[in-house]
Amino acid sequence: MVSAYTQCQYSLLDRYLFNFTGRYDGNSRFGKDNRWGFFPSVSTRWRISGEPFLKKLTSKWLNELSFRASWGVNGSEPSTDYASVSTYQLYSYSYLGSTGIYPSSLELSKLKWERGTQFNLGLNFSAFDNRFSIDAELYRKRTNDLFFKNLSIPSTTGFSSVAYMNVGRMDNNGWELSINMTPVRRKDLVVSFSMNLARNENKIQKISNMVSNESGSWNSRGMIRKWVEGQPLGSYYGYKSEGVYLNDDQTIARDASGNKIYTYDDSGTAQAVKMKFGYPSIAYEFQPGDAKYKDQNHDGNIDYQDIVYLGNANPLLTGGFGPNIRYKQWSTNAYFNFRYGNKIYNYAKWNMERMYGFDNQSKATLRRWHHSYGDPSTAPKNLLPRALYSKGYNDMGSDRYIEDGSFLRWKSLTIKYTFTREQLKHTFIQDANIYLTLQNLYCWTKYTGQDPEVSINTSPSSDTSGYDYATSPRSKEYTLGISLTF
Amino acid sequence: MKNFKILISLLLLAIVSTSCDGWLNLTPTSGVARNEYWQSKEDVASFTTGIYSALVGDDVSLRLILWGEMRADMLTSGTKNNSNFSLIKQGEITSYNSYCDWGSFYTVINNCNTLIKYAPGVLDIDKSFTQSALQLNEAQAVGVRSLMYFYLIRNFGDIPYTTTAYVDDSQDFSIAKSDKDSVLNYTIRDMESVVEELPTYYSTSSAANNKGKFTRYAGYALLADMYLWKENYQKTVDYCDKIISSGQYALIPVEKDSVDVTDDTNGTTKRASYATDGGKENLFNKLYVTGNSAESIFELQFGTDNTNPFYTWFTTAPSSYAIPNTDFISESLFLPSTLSSTCKDIRQQVCSSYNTVWKYAGLSLSSKTTRTEAQMIGNLIVYRLAEVYLMRAEAKTQLAASMSGDQQQNELKEALKDVDLIRDRANAVDATDIDRSALSVSTVEEFILLEEAREFAFEGKRWYDVLRNAKRNNYANLKYLVNMCVYSTSADKVYSLQSKYSNNYNSHYLPIYYDDLQSNSLLKQNSFYGDGTTSTNKK
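Sequence order for the protein chains is U and S. With the first letter of the first sequence counted as 1, position 348 gets the number 1211 in this note's numbering; the numbers rise by one all the way through. With the first letter of the second sequence counted as 1, position 132 gets the number 133 in this note's numbering; the numbers rise by one all the way through.
Isolated chain S (complex conformation):
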């Protein structure tokens, strides 16, 4: 009897283990398991939409602007407490500063890589999913991924580069950094391989679709920017030409009027032009309020169900995290006209009004009312036509450096034509112009750098413009970075920051966030910040 009992119980054990295995396979109740996804072309399209949705998440979109402004001279701390931002403004950046966290960018990159890994499999499952649709989605994924890597290289220098999708825990998570020039080359190569597969437009009726998604021209703009960073100027000019000659984009015009100004010393009369209120309002509204204008090439879309993250940063000034640095803006950037006080560069009012970063906070130039939190739906412009013109001008100026004599002067004059288009539109004043009779590469280069600051104030470009010009030809013009310190930090920290920038060029890049150093055994900290303590437990 005892033996029989033992036998029965062992038999039950065997039955239980073999038959219940299937019953123990559970699927989640909210959401879809990965092995049940990737079945149709709608699945692929939704995943692509997800990539854009990740771009407009708070962390990524904030850093797209903040990384380009926080170490530069146009923003300064407001009265609302943000200790991480304050420490950055003082030049005391540690790996514990949350703005050094690149995780949200790598999430976008991983989503792009995941799409590239699984979308081809859908071709076999869903017959209505065509090869061209696949290429369209893949190209957008590569485009967005390249954009992410370009931002990471410019902010961190050497970074980990991966095209592997991370899907389960059997993969090795640790990855080492690659040299920044190599990553830039890979990214350029990736982008060039897909740019012709991107469409020139997505919709004939909706401008939002053509600006909110990655078009071929967005790809050209990114390539021009990357080649400019790489110091390959002919390629920059070529890609800028493609965008400008397409006829798809146009600078928003500003209506002007003029007034006669009499010079009392010699009795001559000059015509001084100024922008009408309506003209200024039109520009501000089209670019920064309504958005998706004819000038915009790639613009991240926000809406009432997803507001942008700039309310506490800019809108509640002066008790906001950041306010415009009026010292720099009024003393160096925008100077009063020598002709008449009615002549003003419209960009001064457009970027900074009522001591607030007006491009994000304001609804119009004539009213003092700032946006409410629910009204923070202004889009984030990544590339617009004005930047293409100034990139081409900068590239032509550098091409002129290898020329001499009349040929150089002509090339410089060609470059200035593009700059003048931007200046005329904005009614730039003569006080900020350079002496046109004595052109040289260095004066034109510095002129373009200042013009870029005037045009793209607070659009997340300033730091990259300064660093790009400073590092050119092996930091021949480190002075741009060192001089910026006078305005970019508080008076008692200027000398220390200038020493940091001059003595170790690795200080131009951000440290890697501590969390990544601790979990990634192959990742080493930027040597300027590297101090031997974090990232222990390396085997």
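Looking at chain U on its own, in the form it has when it is part of the complex:
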């Protein structure tokens, strides 16, 4: 990699600041034609509070009011070295005593820099002797020539994927707000409170038609993810779950008014039509005990037409807040963080209730359907479907596994006692304090899984955002410490 970089800064009257940087990069990971890229950025800040006309009116209570704006481009390169070269490799085995050679990849001669353009607008407000301040920020990051790693390409090319390809344009927009206030500030007692809120959205504006906008389908087991150009990513799609078929009568197809559907056989007698999955290509006839999915169009057939939108993995709001209190030598600090409005796919629950293969299952499977219930009202609530080995369609993606992931977590509490110089003057210690920190104290949430704080990483190449794999649980930590200065 070869780079050249330049930066200029200009300040006028301590109120107007400008900054410009530019970089010119060449990288060996790209082909000859696309190797070099130029990435400039410019930023500016206007301290409105320094303006004479404002100073006259507000100098008594306004400390700072400035307005910031910046615009910049930066580039990303692929993380594999020889993506732009088509490498021929040897087979690890021989054929009739000779070793064969094959092309292991396509030459990516058209691969170029992924350019991210970020535009920021910010506001800083501080007043009442800095006892009240607000920081607000609005950003839009647009990524052009977006990289897609290991993009699946048609296998008719002889290759199943390419390491990298520039596929389109993605926008990442959002805002952040941070508020700080110090209602009490006296010699012995300081009480302050801070809060921050944020919201972020990823949207695909334009994408190559080789990138699939769908992962999973009506007949693949597990959740379906789909996204639409111009809409935020992270949506879930699937069937609406209605429990299980309790008895044979319930497996008969019903029309929109709830009447049973009949057909006539060759001799003219009426025969009830049973609910089917995937007619005609699969045509599995549902049996009592099988999972019941809502037949949205009342055609007696559970298929792609019964797939509906189930929710989105992105939160409407995330943030945190906490008080900070200092009284004489004691200080205490608490922090809470929260997420609101996102849906989680409880993947761990799906995996442990599927009963499809040999994997260990959870105790929930003890309340699965075992026998028909002639009177549906006698059946227990929340029955799981019957156990089937490598058969049936009881584990399709449905709202049975989608849950509200909103939570409020008491993240930390710190209590500290600071020794005064007076108390320490007979010792060789200059400063000392002792503290107790507790982390991950409690989480308030309606989510039934292990931890609602799952990773949300929406991008077109990640279809597992918002999945809860329930790997290592979060630990509660207690730290008792002492800090000394000699």
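Since the hints were made in silico from the structure, they are not lab data. Built from N, CA and C at the ideal position, the CB exists for glycine as well. Among the clues, some could well be false.
[Claimed, not checked] Chain S is faced by these chain U residues, among others (derived, beta-carbon under 7 Å):
{"no.": "1", "residue": "Ser972"}
{"no.": "2", "residue": "Ser1015"}
{"no.": "3", "residue": "Ser1083"}
{"no.": "4", "residue": "Tyr1305"}
On the provided structure of chain U, position chain S as indicated by the hints.
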């Protein structure tokens, strides 16, 4: 001073960008970049070896057998969990089933196309690379490519057909399907244009070289098979004649002995023959253990550095993925002799012993020991002489259909001569024979179909034999496919599978794998499986 500084920095910028471009050209440390390959005749030969190596890769070699057996009646699920195989056996095939992935076949096709694109360029660079050597390599590439396309057509119906090599990302990757009859015609045309350039042998000393590489006779066998699928029977007979009359191949003989059997009702004595243990062992060993026998025409070579993929499929029975379907094998295929219990069709023991698919799992007929994983080096027979005889018999039977009277009877008898060669060698029993006094095209056709099942059990032929006979003359004999359902799936799914096969002939082919539908905007799913959801984002 400030201006001078700016000037210097701009100058440095310019120097940096122009001189460093060459320094940024890196070549890979393991392997060779394509623009440094294709320099010598050894490069071309290694690439051709690579094409065969791709054929014996796990994905391709598994599908060469599995695609011909998984929907048919001879294999059933073992106790080892393979949900994709179980779903296929139940007739519930979705585009998410990994056995519908044709990617490995198209990799072989692309490698063939790449060789055809770049090998001619070597003529100018390496003077020791001759025109005939070029044609030899190109012909092998076309031969292997044609074989791949023939398998794809028979399994998927309409498929994308391409002779373009895909080498970089400036090419358009999306490609639409072509109609299956057109692809078959292109493939036949491709094969006929190179078959005479293929050598009749590659080595005078090594049988492996003559069976493991694509010879002219392998080309004839493929052409005969393709013309039979196309329902052009005279061409099939012509190509089969060429192979048989070459004298290069011979059926492995089986030593026999005979015993006198007295019929108690009328006191007559008949001689009933049976195969000796040594004779059976010799056949099993030559065909399935040692391999590269005199009967084999094209056989994919496996070895200790590349074992075949059938260990978990067949060898660890009953906890293997698949076991023989003894219901079909004992009830319909192999019947006990009416003469004597010592008379047996040797093929019953050869194909299925100890409830295991013995052709891949066993080392000999006399010992119960199955192969260990390291011993899975048995070769995969693609074509052998027995199939040429039965193809010729099938073609002659169909030619007889357009004849009548004595001429038809003679043609049918001619066809049966080829069948009898196979039956005699295997010591087939009278119970599986047809009434020779009342021959008709349909009885002989069905007889040959069953004989093919007996001879090529588990060799990846059964599904194609049934489908070929069923679709003949616009599905005049759909019954072959529908009747097979009784044994090919579990009892509760028989009716549903029969309805699928009868109501929509597109159900006879596999769906296209979802990954290809999602990345290829021009590719449409087979309409029987097509349900409007996958393959979105089409512009």
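Check each numbered hint against the structure and report the violated ones by number, ascending. Hint 4 is the one this structure does not satisfy, whereas the remaining hints hold.
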